[in-house]
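In order, the protein sequences belong to chains R and L. Following my numbering, the numbering of the first sequence begins with 96 at its first residue and continues without gaps. Following my numbering, the numbering of the second sequence begins with 3 at its first residue and continues without gaps.
In case anyone wonders, no lab produced these hints; they're calculated from the structure. Hints may be right or wrong, so weigh each one.
Stated by the list, open to error - Negatives, chain L to chain R, calculated, CB over 10 Å:
(1) 50
(2) 149
(3) 203
(4) 241
(5) 390
(6) 392
Stated by the list, open to error - Restraint ranges, calculated between C-beta atoms of paired labels, are given here:
(7) 188/R / 343/L: 34 to 44 Å
(8) 176/R / 38/L: 42 to 52 Å
(9) 129/L / 165/R: 20 to 30 Å
Said to hold, decoys possible - Just a sample of chain R residues kept apart from chain L, beta carbon distances all over 10 Å, derived:
(10) 120
(11) 122
(12) 123
(13) 125
(14) 128
(15) 135
(16) 146
(17) 148
(18) 164
(19) 202
(20) 206
(21) 212
(22) 216
(23) 244
(24) 245
(25) 249
C-beta atoms are modelled at their ideal positions from N, C-alpha and C, and glycine is treated no differently.
Chain residues, written in single-letter form:
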Amino acid sequence: MPVSSAIYGLFPGPHAAERATCALREAGITPERIVVISPEPFEEFSFSQTDNAGWMPWIAVCGGVIGGTCGFLLAWYTQVSNRLVTGGMPIVAPWPTGIVTYELTMMGTVLTTVIVLLISTRLPSWKPRLYDPEVSYGKILIGVLDPSELILADIENLLRNAGAEKIRNTDM
Amino acid sequence: MTAKTPEQMNQDFMRPMEGVSSRYLMVLACFVAVIIIGIMAFAWQVYHGLGVSGLRRPVFWGFYITNFVFWIGLSHAGTLISAILRIANATWRRPVTRCAEVITVFALSIGALFPIIHLGRPWLFFWLVPYPSERGIWPNIRSPLAWDFFAISTYLLGSGTFLLLPILPDLALVRDRSKGLRKKIYTVLAIGWRGTPREWHRLEKAMQIMAVAVIPVAVSVHSIVSWDFAMAPVPAWHSTIFAPYFVVGAIFSGIAALIIAMAIMRKLLHLENYLLPIHFENLGKLLLVMTLVWLYMVFAEHLTGWYGNEPSEMVVFWSTVTGSFSPLFIAMIVCNFIIPFPILAIKKLRTIPGCVVASTGIVIGMWLERYLIIVPSLSRKYLPYAWVTAPYRPTWVEISITAATFAAMPALFMLLTKFIPIISVWELKWGLHAKPEPEPVLAPEEVEVTV
Chain R
96 MPVSSAIYGL FPGPHAAERA TCALREAGIT PERIVVISPE PFEEFSFSQT
146 DNAGWMPWIA VCGGVIGGTC GFLLAWYTQV SNRLVTGGMP IVAPWPTGIV
196 TYELTMMGTV LTTVIVLLIS TRLPSWKPRL YDPEVSYGKI LIGVLDPSEL
246 ILADIENLLR NAGAEKIRNT DM
Chain L
3 MTAKTPEQMN QDFMRPMEGV SSRYLMVLAC FVAVIIIGIM AFAWQVYHGL
53 GVSGLRRPVF WGFYITNFVF WIGLSHAGTL ISAILRIANA TWRRPVTRCA
103 EVITVFALSI GALFPIIHLG RPWLFFWLVP YPSERGIWPN IRSPLAWDFF
153 AISTYLLGSG TFLLLPILPD LALVRDRSKG LRKKIYTVLA IGWRGTPREW
203 HRLEKAMQIM AVAVIPVAVS VHSIVSWDFA MAPVPAWHST IFAPYFVVGA
253 IFSGIAALII AMAIMRKLLH LENYLLPIHF ENLGKLLLVM TLVWLYMVFA
303 EHLTGWYGNE PSEMVVFWST VTGSFSPLFI AMIVCNFIIP FPILAIKKLR
353 TIPGCVVAST GIVIGMWLER YLIIVPSLSR KYLPYAWVTA PYRPTWVEIS
403 ITAATFAAMP ALFMLLTKFI PIISVWELKW GLHAKPEPEP VLAPEEVEVT
453 V
């Protein structure tokens with residue numbers, strides 16, 4: 096969603112940020128337009144519970160299956176392609192093949208987890224996005240993307256009443 | 003511990019990254035000098051061949067493979083301990099984990115160098131990679147050395163990402179507090195991390211998955227390293243207990259290395275408010291358990307060999323226990339059990355200095371153990387005509403390369419402390435607000451509005 100402007104408040108702690116997000120939701124601001132940025136996770140507060148990543152382990156399992164399959168095929172192909180005359184005897188050794196398969200299963204899991212994390216969080220991204228370096232000084236940013244001129248003052252009041260220390264408008 | 007505000011924490015962890023003192027440069031220069039000597043020794047070996055080392059028939063595995071096993075074992079400090087504590091949700095882990103994960107990545111990288119250093123023609127190291135080659139020479143997938151490649155690659159990838167992912171928020175912290183070129187560099191490194199609930203939640207979820215995945219990988223790595231030996235019909239190597247024996251030894255030496263690294267960091271970086279005596283106390287208890295488990299494994303391993311009374315095994319057994327290797331064997335027992343056990347078992351002695359003394363003994367003892375596993379068995383293989391005529395002695399080349407790797411570890415640590423916070427700042431802050439206090443609401447007139 097291309098964003099042109101935003102209004103946000105910087106809050107000293109999670110309680111004030113919680114009040115602000117509740118007030119914004121009650122005022123009819125859709126969750127997609129509310130931005131929360133915090134210096135550390137606040138999983139015990141509702142403003143931080145807007146994401147469900149329960150599917151991530153399943154994707155990781157799929158990655159593991161793909162990795163394991165690749166490992167098995169590599170080990171199997173490597174052995175059967177050996178120009179060794181075996182008189183028709185089998186040359187694929189199950190235990191070593193199992194070890195290679197196992198290691199590449201885990202590698203697939205790890206790689207998939209990292210890739211899924213990066214894609215789903217849209218990282219890396221160096222495009223200008225709503226952010227304030229004061230977050231790194233312990234503040235919690237609660238903002239609204241693309242606020243219409245009509246409700247700008249209302250949002251400012253909501254943020255102020257919730258306990259914002261600073262309120263800023265920004266164009267991106 | 004004095005209660006620290008988040009901002010004080012930021013300052014405490016950013017302080018080591020600001021500037022370098024002359025003392026820092028001097029110490030780093032000493033380590034770099036040792037590393038350079040090691041590199042020169044390696045160049046000497048490459049030019050003149052492996053003959054400049056003390057490796058002679060039948061002892062073809064000496065210091066290099068000892069170091070390989072030792073460093074891979076030491077790498078179990080981090081990711082394994084960090085992952086276990088993360089899964090167990092041990093709150094005291096927060097200041098410990100990054101240091102542990104860094105040890106893993108560095109030790110694993112150093113350890114993985116040794117098979118290459120050990121090669122007669124190291125420039126052909128890529129032949130170790132089990133890929134189907136155009137030369138018609140297919141890698142022997144049945145060799146444990148080929149398994150090593152897969153295991154170490156997987157572990158290095160897993161440990162590296164396990165270390166790097168939770169660094170992202172701290173890189174963003176450094177980015178926000180930097181200026182000029184440094185800010186630009188950290189802007190790139192932080193890859194646009196902001197700290198939205200989605201980012202936090204998915205990072206945490208990814209770390210949980212990685213923690214679950216990395217534990218069996220860590221176990222498999224040292225199992226496979228043990229199978230480099232156990233799969234060979236060499237006296238005192240061909241043992242079913244070798245895999246758990248190696249894994250226990252690896253965790254044992256890993257925890258010891260972690261305690262030493264933490265104590266040095268605490269002192270030099272003034273992290274007394276974060277790395278508390280309780281952290282050393284807990285790790286000391288863990289080390290105590292591992293001391294006993296290690297002794298049990300050594301006893302079981304030696305008892306089985308002794309009770310079997312197989313002649314070739316007994317030759318190795320007696321040469322280790324009472325023969326020419328006995329001084330090293332006794333030193334190993336003293337370093338790994340006699341010294342650390344009372345220190346770690348008696349609460350009054352389980353202080354930070356006590357834990358460091360015990361850990362130093364264990365690190366030395368575990369290096370000796372690796373040496374005693376490798377060299378005596380090769381010196382006394384089945385046929386007496388193949389026994390060594392002159393005992394294996396490392397040359398200056400092997401000693402220099404070994405010393406270089408021991409210097410590389412602290413040097414890498416020193417450099418790292420200048421680039422990233424050595425304690426996970428966000429995790430530590432997160433741990434502090436487990437019981438949030440109600441906060442006062444500012445009066446509307448106190449609010450600053452900027453457009």
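| request: May I ask you to check that residue 212/R keeps its beta-carbon over 10 Å from the closest beta-carbon of chain L? | output: 4 Å, violated
| field | Cβ separation check - residue 123/R to all of chain L, threshold 10 Å | value | 20 Å, holds
| Do residue 188/R and residue 343/L keep their Cβ atoms within the hinted range of 34 to 44 Å? | 43 Å, holds
| query | Would residue 148/R pass as off the interface with chain L, using Cβ distances and a cut of 10 Å? | reply | Violated: least Cβ distance 4 Å, not greater than 10 Å.
| Nearest-CB test (10 Å) between chain R and residue 149/L | Given a closest Cβ separation of 5 Å, the condition is violated.
| Would you say residue 245/R is clear of chain L, with no C-beta pair closer than or equal to 10 Å? | Non-interface label stands for residue 245/R: nearest chain L Cβ at 17 Å, farther than 10 Å.
| Was residue 390/L rightly flagged as not at the interface, with every chain R Cβ beyond 10 Å? | 32 Å, holds
| request: With 10 Å as the threshold, tell me whether residue 120/R passes as away from chain L on beta-carbon distances. | output: 14 Å, holds
| Should the label of residue 203/L as a non-interface residue stand, given a Cβ cut-off of 10 Å to chain R? | About 4 Å separates residue 203/L from the closest Cβ of chain R, which leaves it inside 10 Å; violated.
| request: Hint says 42 to 52 Å; check whether the CB-CB distance for residue 176/R and residue 38/L agrees. | output: 44 Å, holds
| task | Mind verifying the non-interface call on residue 392/L? Its CB should be farther than 10 Å from each CB in chain R. | result | 37 Å, holds
| Does the no-contact call for residue 202/R survive, Cβ to all of chain L over 10 Å? | The claim is violated: residue 202/R sits with its nearest Cβ about 4 Å from chain L, within 10 Å.
The structure fails hints 2, 3, 15, 16, 17, 19, 20, 21, 22 (numbered hints given earlier, in ascending order).
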